[in-house]
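K.L.:
Quick note, the sequences are listed as chains A and B, same order. 0 is the number of the first residue of the first sequence in numbering that gives the first Met the number 0; add one for each residue after it. 0 is the number of the first residue of the second sequence in numbering that gives the first Met the number 0; add one for each residue after it.
Straight-line distance between alpha carbons at most 35 Å, and here's what the computed DSBU-like set of lysine-lysine pairs gives:
| id | chain 1 | residue 1 | chain 2 | residue 2 |
| --- | --- | --- | --- | --- |
| 1 | A | 246 | A | 303 |
| 2 | B | 43 | A | 307 |
| 3 | A | 253 | B | 43 |
| 4 | B | 71 | B | 43 |
Just so you know, these hints were derived from the structure itself, not from any lab.
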Amino acid sequence: MNEEALLARASEERERIFQRYERGRENLAGQIDPWEDPEFEDYHKTDRYGFIHDERLTQKTAPQKVNVEVEREKKWVKMLGSWESATTKEKLHRRIYKGIPNSLRIKIWCKLLNVNTIKSDNPGKFQEMLKLAKQWSTDVRQIDSDVNRQFREHQFYRERYSEKQCSLFNVLCAYSMYNSEVGYCQGMSGLAGVLLMYMDEEDAFWALAILLSDKKYAMHGLYVEGFPKLTRFLEHHDKILIKFMPKLKHHFDKFGLDAILYSLKWFFVCFVERVPFSLCLRVWDIYLLDGERVITAMAYTILKLHKKAIMKLNDMDLIVNFIQVKLHKDFGFEDDIVIYHLERSMEELKRAKLDYPGPPPPSEMPQRQLGLFVEPDKKSKIGQRAENFSETEKHARATVILRREKAALELQELRVSQSDTVSVLCSDHSGVASGVRCEDSTSALGSRRSLADTSVTSTADLSVFSSGRSHAPDNSLDTHSNISDDGTGSDGSGICGLSIQRAPSTSHSTPRATPHPPSVSPQSEDVVRIHVTYNPLAASPSHLQPVSPSKYKAYDEHHKPMSLGFYTNGAANLPSDNRIRIQVSSEELLTPVVDSGRIITQRYIESHAGIYDIN
Amino acid sequence: MATTRSGAAQRPNGAPQTKVCQFKLVLLGESAVGKSSLVLRFVKGQFHEYQESTIGAAFLTQTLCLDDTTVKFEIWDTAGQERYHSLAPMYYRGAQAAIVVYDITNQDTFGRAKNWVKELQRQASPSIVIALAGNKSDLAAKRMVEFEEAQAYADENGLLFMETSAKTAMNVNDIFLAIANKLPKSESAGGGAAGGARRLNDADAPRASSCCK
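Isolated chain A (complex conformation) (with noise of 0.2 Å):
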């Protein structure tokens, strides 16, 4: 097909898919597909919030907690009258932990978001986007698909082009066009379509633009491109891991679990689906009103309270199911201790200063004008995908992948150093693909031998990662080799390791306290680990060439052999990006900062947690 031909056929398309949700259930009678619909069935029961169950609800609501929500809704209701007063500013934040009555969420949660404000301010605006996406989103198909799949055991989303299918569909479509930059992306629909459990579809056009482009929430970054925000909560989700359950962090090392595989939904939609429903509702009305640190702390809340059960799971199948099924249909704790407990949490990070990983910065916000049109390029018109990486994404790539690798160093770290013996370390998870090319070792090797040379504190254990390319020379620290040049073949039985010649420091080594197997070369207490580095995750996993230890396990038998395992890169294109990287281990250590082979400064590192790049 030509370039028109398409422009027309998704045009056509966008206009079929528009009709049906304009005409709407009831003039679709016939023209709904079987399988798009749910089957005639008797149910038993729909639960307060709408949700259908097939059995009978096990959950009973206690006739006395049913008094204390009619009185609470009593002085809700009292607060409503004089929303703007300082009384209700003084009891407002321990009302709402409370819980906000859910006959009165809908008129709480406008208020908490400003809803009417922006409205009254944007006479028109929903309906513009509105008749606009119709003409040019292209994101409609898209829509469509996963409005045919959100919520559909709820009673109001269950019956295909049901009025809040419709809606939904309108609010997402039209925030397509509002905010041309986010456009619709996947997790979009789970906001929306709890929003509309609550309010018309104006009201939750508004109160989703509230949740993506108000600073307290800025979800803008979560779902744009490359998505920035899950990034850098993540991270900062880690470092809470590391510094009050480090225990389970490593637990999760250990199955190479990391955190975007259990909790992207935690942060993507605020717990929808990954939380029962009632708690789900808790946590978004303290979301609503003190903003995104409260996913970082029901984030930890969460893991705090079933830590006990997780580190009983000795597989990653396990945790995931775990954390993402079996918390969704059963938290095991009622909804009250949890908010306790999410309170104590907020609590105990803001002590350790943790609590917020601090403002968005400019990228993960809108950069463009909100609801300005931009007439979309022909090929997004047409569907196609783009060939190639942004830049933004090859960012997001390498971030996500360096959390892995860096996950899995440490792991491999604390592996060796539990093992006492010097071992290969190799830096896969990432697939490292066999064929040799060794010359891309040499630096690596080089590096490894004068970090040895040069260290002050005895190296019991050095272990060196480069990726870079040898021929670039800032890539080397030392060019003296301890291994002969026939290192440069390869059998490419797909090894990264080298045996490389203890260094003369270890001679006043401290011994241990535990025991050594006899093969183990002479330890110390300190452990240090150099991790040099071009970015290695600009490269495909194609390029990545380790090489065998087998050759230079011969090499000199006189010497215990010390193995380093690195990966090699030949197409870092980033050559601003090489970097070292210095990690220790030992956590009272000095540690040398070795540039080129020369030691430019030592200083006190507090904590195996950090990466110092030195550029």
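The hints should help you fit chain B onto chain A, whose structure is shown.
P.N.:
Below, chain B alone, put in the same frame as chain A:
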């Protein structure tokens, strides 16, 4: 050394019990072609008409028994929307197998599948086993991609190919089984396979099998 990794690591000199091979498998394809549904059918034998959209990626495992080997699949089910494409390499890096899924009722999704195959051939491990799945074969009345067309494409590119239906379960187990059969399970055959963390962990224990533990 790598004795503390996930799963029951077999000591290099320990007596081998039933051979258990663990493979990382990734599902790729356009949004709403049925990636999650295929996994759900394979892993739990269930089918949901309104399978919730996958955000980021989901992870599940399933074990298959072949004649002399138990194959454990670590399955990474990825999100289909283009925005999430930038996260995909994180999932297919180090994968030994991939299922690229398209919807037989939608020609565009087939085109997209071809792009995924290209990307895998270029970026993933050279020895990755790729299977092409034409899903929703129960909707044959609305077919837009001919079986022969896809078969020819698969043959050209050395892919396993089946038309599947997560709804009726047709060919779902079969495609995973075909992949399991095609994956190298012996030490020697596994030499060129994509290295997972496991294999590399075994670097200093050369007698440990490469893909199997």
